[in-house]
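Enquirer: In order, the protein sequence lines correspond to chains A and B.
In terms of numbering that gives the first Met the number 0, the first sequence has 38 at position 39, counting the first letter as 1, and numbering is strictly consecutive.
In terms of numbering that gives the first Met the number 0, the second sequence has 71 at position 72, counting the first letter as 1, and numbering is strictly consecutive.
Among the clues, some could well be false.
[To be verified] Subject to a maximum C-alpha distance of 30 Å in a straight line, what follows is the list of computed DSSO-like cross-link-like pairs (lysine-lysine): (1) B/K138 - A/K19; (2) A/K190 - B/K190; (3) B/K186 - A/K214; (4) A/K81 - A/K138; (5) A/K207 - A/K190; (6) B/K138 - A/K186; (7) A/K71 - B/K3; (8) B/K19 - A/K138; (9) A/K88 - A/K9; (10) B/K214 - A/K190; (11) A/K190 - B/K138; (12) B/K20 - B/K41; (13) B/K190 - A/K214; (14) A/K138 - B/K138; (15) B/K190 - A/K186; (16) A/K186 - B/K186; (17) B/K71 - A/K138.
[Unchecked claim] Just so you have them, the derived chain A footprint on chain B, three or more residues with Cβ under 8 Å: (18) 108-116; (19) 119-126; (20) 208-221; (21) 225-237.
In short, the hints are calculated from the structure, not lab data.
In this text, a Cβ means the ideal position worked out from N, Cα and C, and glycines have one as well.
The primary structure of each chain is shown beneath.
There are 2 protein chains.
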Amino acid sequence: MTIKSLDNAKVKYYRSLQQKKYRDENNEFLVEGRHLVLEAYKHGFLKEIILCEEELMPLDVPKTVVSYEVIKRISTVDTPQKVMGLCRKMDDTTIGSRILVLDEIQDPGNLGTIIRSAVAFDIDTIILGDGCVDLYNPKVIRSTQGMLFHVPIISFPIDKLIPILKGLEIPIFATRVEYGVEVETLKEEEKERFALIMGNEGNGVNPKYLEKSDKNIYIPMNGEVESLNVAIATSIILYEMRRRG
Amino acid sequence: MTIKSLDNAKVKYYRSLQQKKYRDENNEFLVEGRHLVLEAYKHGFLKEIILCEEELMPLDVPKTVVSYEVIKRISTVDTPQKVMGLCRKMDDTTIGSRILVLDEIQDPGNLGTIIRSAVAFDIDTIILGDGCVDLYNPKVIRSTQGMLFHVPIISFPIDKLIPILKGLEIPIFATRVEYGVEVETLKEEEKERFALIMGNEGNGVNPKYLEKSDKNIYIPMNGEVESLNVAIATSIILYEMRRRG
Numbered sequence: 000m001t002i003k004s005l006d007n008a009k010v011k012y013y014r015s016l017q018q019k020k021y022r023d024e025n026n027e028f029l030v031e032g033r034h035l036v037l038e039a040y041k042h043g044f045l046k047e048i049i050l051c052e053e054e055l056m057p058l059d060v061p062k063t064v065v066s067y068e069v070i071k072r073i074s075t076v077d078t079p080q081k082v083m084g085l086c087r088k089m090d091d092t093t094i095g096s097r098i099l100v101l102d103e104i105q106d107p108g109n110l111g112t113i114i115r116s117a118v119a120f121d122i123d124t125i126i127l128g129d130g131c132v133d134l135y136n137p138k139v140i141r142s143t144q145g146m147l148f149h150v151p152i153i154s155f156p157i158d159k160l161i162p163i164l165k166g167l168e169i170p171i172f173a174t175r176v177e178y179g180v181e182v183e184t185l186k187e188e189e190k191e192r193f194a195l196i197m198g199n200e201g202n203g204v205n206p207k208y209l210e211k212s213d214k215n216i217y218i219p220m221n222g223e224v225e226s227l228n229v230a231i232a233t234s235i236i237l238y239e240m241r242r243r244g
Numbered sequence: 000m001t002i003k004s005l006d007n008a009k010v011k012y013y014r015s016l017q018q019k020k021y022r023d024e025n026n027e028f029l030v031e032g033r034h035l036v037l038e039a040y041k042h043g044f045l046k047e048i049i050l051c052e053e054e055l056m057p058l059d060v061p062k063t064v065v066s067y068e069v070i071k072r073i074s075t076v077d078t079p080q081k082v083m084g085l086c087r088k089m090d091d092t093t094i095g096s097r098i099l100v101l102d103e104i105q106d107p108g109n110l111g112t113i114i115r116s117a118v119a120f121d122i123d124t125i126i127l128g129d130g131c132v133d134l135y136n137p138k139v140i141r142s143t144q145g146m147l148f149h150v151p152i153i154s155f156p157i158d159k160l161i162p163i164l165k166g167l168e169i170p171i172f173a174t175r176v177e178y179g180v181e182v183e184t185l186k187e188e189e190k191e192r193f194a195l196i197m198g199n200e201g202n203g204v205n206p207k208y209l210e211k212s213d214k215n216i217y218i219p220m221n222g223e224v225e226s227l228n229v230a231i232a233t234s235i236i237l238y239e240m241r242r243r244g
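Work out the full structure, taking the sequences as your base and the hints as a guide.
Expert: Below, the structure written as structure tokens:
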């Protein structure tokens with residue numbers, strides 16, 4: 000059976016997941032395209048496949064077949080792919096030892112790109128503080144290129160996180176343009192166990208977190224440039240945290 | 000005198016500069032906002048200021064005063080700033096010794112971000128090969144954060160560039176996932192004089208350029224990740240090319 004009606008209740012439900020409110024209420028979200036559906040499946044997030052009649056996706060989960068008109072209705076892009084996935088959110092609560100903490104990252108593309116780089120450079124936990132864009136925003140998901148399924152991502156207020164990190168004796172690094180040390184001076188042992196706080200696009204890391212961090216670090220660069228894009232800065236520091244020698 | 004009519008010939012000319020065709024024909028382009036206008040002025044690109052009645056911009060160039068309706072017509076963003084600048088393109092033709100070569104970078108945000116990072120990490124020449132998005136595309140200009148005025152940027156075909164680089168004995172590095180060397184193994188002297196070729200978002204560097212490069216380099220990372228965003232990868236390599244010790 001192919002669902003063709005835009006008034007179908009299931010179609011209305013899928014479409015509602017374009018909004019954060021309904022994603023939060025139902026603990027579910029959508030991904031678009033074969034690559035993301037496969038990634039979600041491999042990591043146990045995939046609950047259901049939504050696809051057009053002529054498509055095949057031989058995975059062991061329930062399937063809903065719909066018309067292209069319906070897919071267009073559910074999708075957030077102009078020319079949607081013909082395979083989508085309904086995923087359940089997973090709540091991780093365990094903290095690792097190579098932690099990235101994000102303070103009010105508001106641009107979806109930046110958040111997605113940061114997650115992709117974090118997996119590339121062996122981050123084992125990402126903490127989203129208050130004020131970050133919703134992880135399940137379709138643009139964030141697209142920019143991660145599926146990497147959001149490869150690392151535990153926890154939403155947690157940073158002011159409650161800091162005492163926990165202190166209790167676990169995990170050194171806290173935050174980025175700051177003045178009064179910091181150059182990132183390339185970090186020692187091998189400092190790269191093994193850390194929580195790195197990266198700040199908002201316009202304002203940087205909140206001063207109250209800077210105060211509580213063990214080291215403030217910065218990326219040395221040409222004085223003509225005020226700052227780097229936050230996804231770029233985060234990726235460079237994470238690259239450095241994985242660099243040996 | 001304030002120009003209020005959307006049919007005014009000057010307004011029509013400014014608006015035409017939203018299109019590459021007319022930017023090319025006239026060798027002029029627009030920038031939006033005080034920061035970019037000031038950057039253009041400082042570096043000798045600014046020809047004329049376009050601003051709303053209540054605004055002031057005390058720079059020594061001709062001014063055109065317009066209504067907010069007119070600015071909205073000229074601007075490419077929904078909520079335009081009230082100061083814009085008409086700039087002339089500059090044709091640089093001299094090649095430096097820390098060169099970044101871009102092969103078919105198609106996303107405006109990526110190109111702009113790459114230019115910003117290139118200035119941060121002391122690149123002295125950027126070459127845009129065929130197939131790159133137009134440098135004067137408004138989104139590119141915004142993403143550069145004004146840094147396009149800080150470095151000579153030359154449009155030039157890469158296959159004609161390579162023999163010139165060879166003649167000047169400038170080593171050519173290109174990124175490649177297999178058969179390369181890790182970027183962190185480059186020696187101090189290799190970081191002083193080079194041309195780095197970065198490739199297209201989907202396909203990487205064209206094989207015909209890889210063949211002619213002196214070294215293929217890559218960024219070591221976790222095997223779960225296929226690739227990094229091209230602006231991220233470029234910035235990390237440029238960071239490494241400026242890193243000492």
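Enquirer: If a hint holds in the structure, say so; if it doesn't, say that too.
Expert: To see whether the hints hold, each was checked on the structure:
{"no.": "1", "hint": "B/K138 - A/K19", "in the structure": "holds, 27 Å"}
{"no.": "2", "hint": "A/K190 - B/K190", "in the structure": "holds, 24 Å"}
{"no.": "3", "hint": "B/K186 - A/K214", "in the structure": "holds, 29 Å"}
{"no.": "4", "hint": "A/K81 - A/K138", "in the structure": "holds, 17 Å"}
{"no.": "5", "hint": "A/K207 - A/K190", "in the structure": "holds, 24 Å"}
{"no.": "6", "hint": "B/K138 - A/K186", "in the structure": "violated, 39 Å"}
{"no.": "7", "hint": "A/K71 - B/K3", "in the structure": "violated, 41 Å"}
{"no.": "8", "hint": "B/K19 - A/K138", "in the structure": "holds, 27 Å"}
{"no.": "9", "hint": "A/K88 - A/K9", "in the structure": "holds, 19 Å"}
{"no.": "10", "hint": "B/K214 - A/K190", "in the structure": "holds, 29 Å"}
{"no.": "11", "hint": "A/K190 - B/K138", "in the structure": "violated, 36 Å"}
{"no.": "12", "hint": "B/K20 - B/K41", "in the structure": "holds, 27 Å"}
{"no.": "13", "hint": "B/K190 - A/K214", "in the structure": "holds, 29 Å"}
{"no.": "14", "hint": "A/K138 - B/K138", "in the structure": "holds, 18 Å"}
{"no.": "15", "hint": "B/K190 - A/K186", "in the structure": "holds, 23 Å"}
{"no.": "16", "hint": "A/K186 - B/K186", "in the structure": "holds, 20 Å"}
{"no.": "17", "hint": "B/K71 - A/K138", "in the structure": "holds, 27 Å"}
{"no.": "18", "hint": "108-116", "in the structure": "holds (count 4)"}
{"no.": "19", "hint": "119-126", "in the structure": "holds (count 3)"}
{"no.": "20", "hint": "208-221", "in the structure": "holds (count 4)"}
{"no.": "21", "hint": "225-237", "in the structure": "holds (count 7)"}
Comparing the model with each earlier hint shows violations of hints 6, 7, 11; every other hint is respected.
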